[in-house]
Every structure is written in C-alpha cells, then in structure tokens.
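Assemble the whole structure, with the sequences as input and the hints as a guide.
Protein chains: 2
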Amino acid sequence: MGSDSALINGVESDATEDIEPFNSDWMRKYRGHTQLVLKPESTEQVSEILKYCNEHTLAVVPQGGNTGLVGGSVPVFDEIVLSLARMNRIRSFDEVSGVLVADAGVILEVADQYLAERRYIFPLDLGAKGSCHIGGNVATNAGGLRLLRYGSLHGNVLGLEAVLPDGTIVDDLSKLRKNNTGYDLKQLFIGGEGTIGVITGISIVCPQRSNAVNVAYFALESYEKVQQAFVEAKKQLGEILSAFELMDNASQRLLHQASGRKLPLGGDHPFYCLIETSGSNTEHDSEKLQNFLEYVMGEEIVLDGVLAENQTQIKELWSCREGVPEHLPHWGGVYKYDLSIPIAELYDLVEATRERLGHLIGDTDEHPVVDAVGYGHMGDSNLHLNVATRGYNKEVEKILEPWVYEWVSKRNGSISAEHGLGVAKKAYIGYSRSETMVKLMKQIKDLYDPVSIDEMWTCERMC
Amino acid sequence: MGSDSALINGVESDATEDIEPFNSDWMRKYRGHTQLVLKPESTEQVSEILKYCNEHTLAVVPQGGNTGLVGGSVPVFDEIVLSLARMNRIRSFDEVSGVLVADAGVILEVADQYLAERRYIFPLDLGAKGSCHIGGNVATNAGGLRLLRYGSLHGNVLGLEAVLPDGTIVDDLSKLRKNNTGYDLKQLFIGGEGTIGVITGISIVCPQRSNAVNVAYFALESYEKVQQAFVEAKKQLGEILSAFELMDNASQRLLHQASGRKLPLGGDHPFYCLIETSGSNTEHDSEKLQNFLEYVMGEEIVLDGVLAENQTQIKELWSCREGVPEHLPHWGGVYKYDLSIPIAELYDLVEATRERLGHLIGDTDEHPVVDAVGYGHMGDSNLHLNVATRGYNKEVEKILEPWVYEWVSKRNGSISAEHGLGVAKKAYIGYSRSETMVKLMKQIKDLYDPVSIDEMWTCERMC
Chain A
315 MGSDSALING
325 VESDATEDIE
335 PFNSDWMRKY
345 RGHTQLVLKP
355 ESTEQVSEIL
365 KYCNEHTLAV
375 VPQGGNTGLV
385 GGSVPVFDEI
395 VLSLARMNRI
405 RSFDEVSGVL
415 VADAGVILEV
425 ADQYLAERRY
435 IFPLDLGAKG
445 SCHIGGNVAT
455 NAGGLRLLRY
465 GSLHGNVLGL
475 EAVLPDGTIV
485 DDLSKLRKNN
495 TGYDLKQLFI
505 GGEGTIGVIT
515 GISIVCPQRS
525 NAVNVAYFAL
535 ESYEKVQQAF
545 VEAKKQLGEI
555 LSAFELMDNA
565 SQRLLHQASG
575 RKLPLGGDHP
585 FYCLIETSGS
595 NTEHDSEKLQ
605 NFLEYVMGEE
615 IVLDGVLAEN
625 QTQIKELWSC
635 REGVPEHLPH
645 WGGVYKYDLS
655 IPIAELYDLV
665 EATRERLGHL
675 IGDTDEHPVV
685 DAVGYGHMGD
695 SNLHLNVATR
705 GYNKEVEKIL
715 EPWVYEWVSK
725 RNGSISAEHG
735 LGVAKKAYIG
745 YSRSETMVKL
755 MKQIKDLYDP
765 VSIDEMWTCE
775 RMC
Chain B
315 MGSDSALING
325 VESDATEDIE
335 PFNSDWMRKY
345 RGHTQLVLKP
355 ESTEQVSEIL
365 KYCNEHTLAV
375 VPQGGNTGLV
385 GGSVPVFDEI
395 VLSLARMNRI
405 RSFDEVSGVL
415 VADAGVILEV
425 ADQYLAERRY
435 IFPLDLGAKG
445 SCHIGGNVAT
455 NAGGLRLLRY
465 GSLHGNVLGL
475 EAVLPDGTIV
485 DDLSKLRKNN
495 TGYDLKQLFI
505 GGEGTIGVIT
515 GISIVCPQRS
525 NAVNVAYFAL
535 ESYEKVQQAF
545 VEAKKQLGEI
555 LSAFELMDNA
565 SQRLLHQASG
575 RKLPLGGDHP
585 FYCLIETSGS
595 NTEHDSEKLQ
605 NFLEYVMGEE
615 IVLDGVLAEN
625 QTQIKELWSC
635 REGVPEHLPH
645 WGGVYKYDLS
655 IPIAELYDLV
665 EATRERLGHL
675 IGDTDEHPVV
685 DAVGYGHMGD
695 SNLHLNVATR
705 GYNKEVEKIL
715 EPWVYEWVSK
725 RNGSISAEHG
735 LGVAKKAYIG
745 YSRSETMVKL
755 MKQIKDLYDP
765 VSIDEMWTCE
775 RMC
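First to last, the protein sequences are chains A and B. The first sequence begins at 315 in this note's numbering and counts up one residue at a time. The second sequence begins at 315 in this note's numbering and counts up one residue at a time.
Keep in mind the hints are simulated off the structure, nothing from the lab. Incorrect hints may appear among the rest.
The list treats identical chains as one, so a pair stands whether inside a single copy or across any two.
[To be verified] Here are the simulated DSSO-like cross-link-like pairs (lysine-lysine), alpha carbons at most 30 Å apart as the crow flies:
1. 539 - 365
2. 365 - 576
3. 539 - 549
4. 724 - 629
5. 708 - 539
6. 650 - 753
7. 629 - 549
8. 365 - 756
9. 539 - 576
10. 365 - 712
11. 724 - 756
12. 650 - 365
Next comes the structure, spelled out in structure tokens:
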C-alpha cells in the first residue's frame, strides 16, 4: 500500500491476525484475495477511509460477520476489506421506549443478550446470530424467524448512521418512532447491501420479551390443509403466533435418513408444520394452543399433532425444521433457492421441480439427485427449495437454472426473499424487477456512488 | 385550458360539480383558486396527465381525501388538482396471506369495512377514516391509533404503484412479504407527500381482526408514574396492548368545562392514561388487564382506575381522549403542535410552555391564553401540545414559534411526528433534519422531478 500507510495507521488489522477468514465465506463457496483488511473504530475513520479510497479509486468491500449466503461480503474482486468488527459498542438503550442504539459491528446475539437482561428482545433472529453483525443484518434486510411476529426491519429500524462512498456521514440516527419530516432516506440503506454506503450505527425499536413460549408440530394430508391451518392459526392464535413453518414429507424423510433422528410423529404424512407462540402468560397461551389443536384435529384439517412440554422438547421440535438445511448436504451437494411465491402456489414449485428432474431422482447411486424438498417460512410465503444431490452436477444445474427463476418470475415472486442479491444473483434481478425498476435503481446507485470505487458497487452488481 | 381539452376530455370533474371543496381544507386554514380538477380513472390516465403537464410546465397538486392538517393537498399556488377519487377499486385480497391490493383513492373506512367482513383489519386507523384515501395515508405516512400495535406503513406496505412527474409508471406493486432484490424504492414515496410522484395503488399486509377489545382509564400522580405504568403495561399486556394514550389534568379539565361531560374518575389528578387491548380471547384479555390494574394500583403506580364493561363504556372512555382536540377550540383558537420527543422528556415541554406563557394564562377574559395542555400517543412518544386561546393572537404566536421548534430540536425530536410538512412546516425542516439530510433530500427531489412542474414539488416545499 506504500503511500496509503498514513491512512491505514491504527485501523489496519493486527499484523499477526490471519487474513484468510476475510477472503472466504463460511460455506467456502466464494473466494477473494485481499491483501488489506481495515478495522476502523469510529464513524469518522470509516468516513476518512472511504473518502481516501474514493479519491484514489481504490475498491472497498464492507464486511460484517461475513455470514451471508450470496457472497456479498467477500472480496471477490480483491478489494480492500472494511471490517466493522471493532465498532461494537452499545451506544444507548431506553428502558421505557425500548429503543436501542448501537454500532453496526455489534453481534446480533450480543445485542439480544443485552436486551434479554432488560426483558426486551431484538426483533430479528436467525441461525447465524452468534456471528452476524446487526449492521450487516440491516444492510441485507435480514428476515429470519421473528418477521411474522415483529415485522420487517423497514418498520423497526428508526434511524441509521451511514457513510457514503465520498465520505459524507449520513446522520439519520433518530430514536423517534414517528418523524414525518421529508423523505425516509434511511430505507434505501436497509437492504441496499452496502452498495450505496456503509452502515456504521443503527437505532431500532425492540419489543418486550415474552415470558411464555410454546411449540407444536403436526401432520397434514395436503397443501390445501396447510393453508387452512395457517388461516386458523392466525385467527385463533393471532397476537401470540410467532412462527408458522412448513416442512414437506421429503424434507423430514431425508432429515431422518441423514441424521438417524426419530421424528416426533409416527406414520408418513405429506406435510408437517411447526407453530410457535410467544406471549406474556403461559397459562393463556397453552390454553389457546390446546384449543387450536383440538379444533384443527376435530375439523380434520390436521391429522396428528404433538405439543412440546418443556424446553428440551421445544428444541427437539425446532430441530425438525432447523435440522433440514443442516443435514441435507449429507449426500454431497445441495442446490438452494430462497424464494417468495404467492402463498396459494408456493408448494407447486416443489412438485414441478420433481417432475422436471424426472428420472434423475432416485434412491440409488446412479441417480444424481436424491430428492427435491420444500420447507420454509410459510407465514411469510417464503419457500426454501433445496435439491439434494450426490455431488455438484452441471447437468442438474442446467435443468434447474434459470428455469426456477423463470417459474418464480411468471408468478410475480421473488428470486431472493431474504438472502439478497450479492454476487450470486446479481445477474438475475430481471426475474423479480421490471426494466423500469432496475433503471430507477441504477439512478440511485449513480447518485450516491458516481465513482463506483468498489467493484461491489457497480451497476453490474445490481442489475 | 383551450388546447388542453383533448387531454382532459373524460377526466375532468363533472361540470355541475362544485369546485370549492377542492380549493380548501376541512379546517378552512388553507385556500387555493384552482380552475381545473382532473379525476382520472386509471393509472395510465394519471401518467398521461403528468407527462402532459410536465412537458407544458403546468403545476399539479395531487389530492386524496383532502383531510390533511398541513395544507399539503390544497392548490395554494392555484395548481391543477389531480383528484384520485375515481380510482377507488379494491383490486384483490388474499384471504390466506391477508394481502390487500387497492387503488389509491379507496376511502380508509371502506377498505377497513371490506376487511372486517373477512375478519381482517387495516393496520391503520385515524379520526378522518370516513374521508381520507389509503393512497393519501401512504403518501403522508399516516401514524394514527394502531401504530403501537401494528407498526408503521414502512413495514406494512408491501408494494406501490406510482407515477413520476415525467409520466413513468413505477410498477412496484409486489404482494410479497419478503423481496430482497435491490433498493426498496417504494419507501421514498411513503411519507414523500406526493412531491416525487403520485401514488395510484398500494399493496398492504393486513392482520387478523381481534375478537376482544378492552379499555381502561386511570389516574396517576406524576409523569414519572406514567412512564412506570407504560413499561408495566408493555410487560404484562405485551402482545395485546393496542393503545397507550396520555391526557394531562388540564386537557381533562378543559374537556369537562367545554363539553360539560362528566369525567370517569372523581378527584383531581395530575395525569390520566387510557389503555386499549385487542386480542383473540375475551376472557384471557380481561384477566390480563384486571391483573395489570391490580398490580399497578397495589404498587401505587396508579391512583385510581376504571375498566369499561361494554361497548358504550368503551366509547365513553375513548371520548375522554378523542374529545380533547374536538372541544379545545371552544374558547376561540388553538395553537396545535404534533411532536415526537424522547419519552423521558416528553411532558417537560408542556410545563415549559406554561412557564413561558406565564401571566398570559388565566381564567378570565383579560388573559389571552386559557391553558397549555398535553395529550397524545404516549406509546409512540408522540405529544400533541395544544395551546387553547381566546382567539388567534399574534403575541401568543410569537412567544410560541419558533420557540417550540427550538425546544424540540435541542432534544433531537421531530417537529412533525405524523402530520407531515405540507405548506405549514416546510420552512421548519431544519429543526428536525441536518443540513446533510436536507441536501440529500433535495438530490432525490431533483432526480425525480427535475422540471418541478408542481409548485408543491419544488425544493422550497421540502426545505
């Protein structure tokens, strides 16, 4: 870096630190070869770095916990890595309003633990919580497990502090729940994936933590019944419903085969659902959930069901959902799609995929595909279509892509419900956005980043 | 209009229709003198109108239900009025996902009634619901009575259709709860007050309607206790809490004097609060509310309280809150401020205002001010400061403005929590937004409306 040393003095990563983790993602799917990782400790340092890099046309990629699934935080063009890891302070918390203000580099679980001690909860939860940064969560508009109950980050984030490519500090760190004074510009950074600026701080409204959590797992005979159960759950459990997850037969069968784990219900049913409730009164919640289960079984919407009776059983039931992505790589490879599809047609895609793969699917080694399975956040119309294979296979890939995207596009769905575009899906945005929308996005990109110092920030990346 | 007649053919308002209501607001505070009201029936017609006006530099003001409080929909510069009144179709509703798609000109109460028949609820409620349009609600990012429970429109609006000043149709009418494919541009139009485009359709996720509604009204000895009661309500009522409203002693005293209405509780207490719960089970909710009231009275957080036992009593208790703005004009004039203030300091402003007005306040006619009162959405840190006067009075106005805005600004509050900027507060944006933020907003305005065909859309309006 030579002449840049004055700039990086004090913010460069420790010389003894291994640079390798910054050059790859946790799935080891994307790879970069950065020579320099900068770890600023303040918003002013982030501003100085970006200003300098902008003036010297040096490419930069911001990196939080580096837990993304689409390569968005990996220096695939060998950019300078701007790590937010040292910006990890809780700035303030108001115990009356529930408003938390914190640096972008605070780890999600650390923030949630801080809130738990004060009987509050972070309105977002996801598998990577032990590593991911709250700034990265906001930059990627993470969805996760609590969206059904607490809504999206677009509603919960009250304010942002961000640095534009030219070093301008966007000081929009409001702690107010209501502020109707002009355009809500912070929204562009929520889900903007760091392409128009680096988030350095967030302000977010947090709900009270629930005392009571209950979980049920049940079997259904058709996707039609799954939809009926979902409507009934919203009706009867309304305000305490905190998750409604769908798992198809294949997902549970493969989970059983790969993990050897016994499933909670006997028999072999086409669909399974997991319901979680969170509320302030254990007795009331149990009664509601019991009534709901009696009703849906009486009406033959549900075939069979089980209610967790303690913390261990709650974890066991959740593992039937969370264990699916964990164990599917067992046979060698998985093609993963994270899709939003209108709820009535959501499961059709899994069936269409199986049909399309046809003779490639089978139980024996000569078949490249083990099965296509569907699971996901039914409550958010968010399907995870996973195709488990006996190793990565070009023939299978060609059959699936872009066919899956075309199928979703025809139904006005989204080719990336919660994972974002990153480098993985940048070429496919046209399947979920019109030409007009892509053009309008390019305008915004050009407005905030005319120099495009970062390869990650070029229109190429977005379109 | 002469040569414009081809354009306006079929979209002009009925020749027999009185044009007067389009030229003034319902408070009769703002006045315009438009000669032409256009009432398009389709998005394509809106596009043609704006394109034509843009090319011919004709100023336009979009108008929904014209129920705003800041003059944002009144043709104060004698612009052409673009009324959305004829675009009033419900386009679709999905009974499983709860997603409603509708024209911008649908009246809020009509939309809510449509949803009520299907056991759903519009996630927004406000006094003007019988007249206001859902498009106008979104354009002004209306807050209202259900925000505490269902969150802001930034979280609930899933998609938008809007027309830019040059006639471009922004086709972002997604019905998906999750769609992380690029910048969330629709957010700029939510709360953009029609200054960068006209909203013609919205897609919004609606929650299940609650079967059970309970209301309590109680008295407290200090603002400190009000905050304690709020924290306790969130803790004990959590998921069923749907309103926490604050009314000070003066607001209730003046309501009593102006209306002759008997107040629900005897004695004379410094503060009153109204709590509403909405849930799926009447018995559970009543028990929670009863337990809460017993606890806060046992702990001496609350001095006295009453619980509504039927629909009539619910209305009576609500009228103690809603009757305040209705009856305050009784003495001749009211200076109204709609402010967001950090919750700990929220009530300080009312006391500071009384102190500042000093000898001007009094019970007899020689005193220009009757009293300064505070009430509002405690749950959202949103204070309505109202100064009741014996007629509009320049001396009083000068004492209050810009002092109130300065006071709020020093505490990083908002000078317009939910009403917007309109023409009333455009000059004051600097009290709630930094120079950087105002500059960034101007960039957006220039990007979407370089010609600024509409006086309402000039930077003047925003800054």
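- Query: Looking back at the hints listed earlier, which ones does the structure fail to meet?
  - Reply: Checked against the structure, the hints that fail are numbers 1, 2, 4, 5, 10 and 12, while the rest are satisfied.
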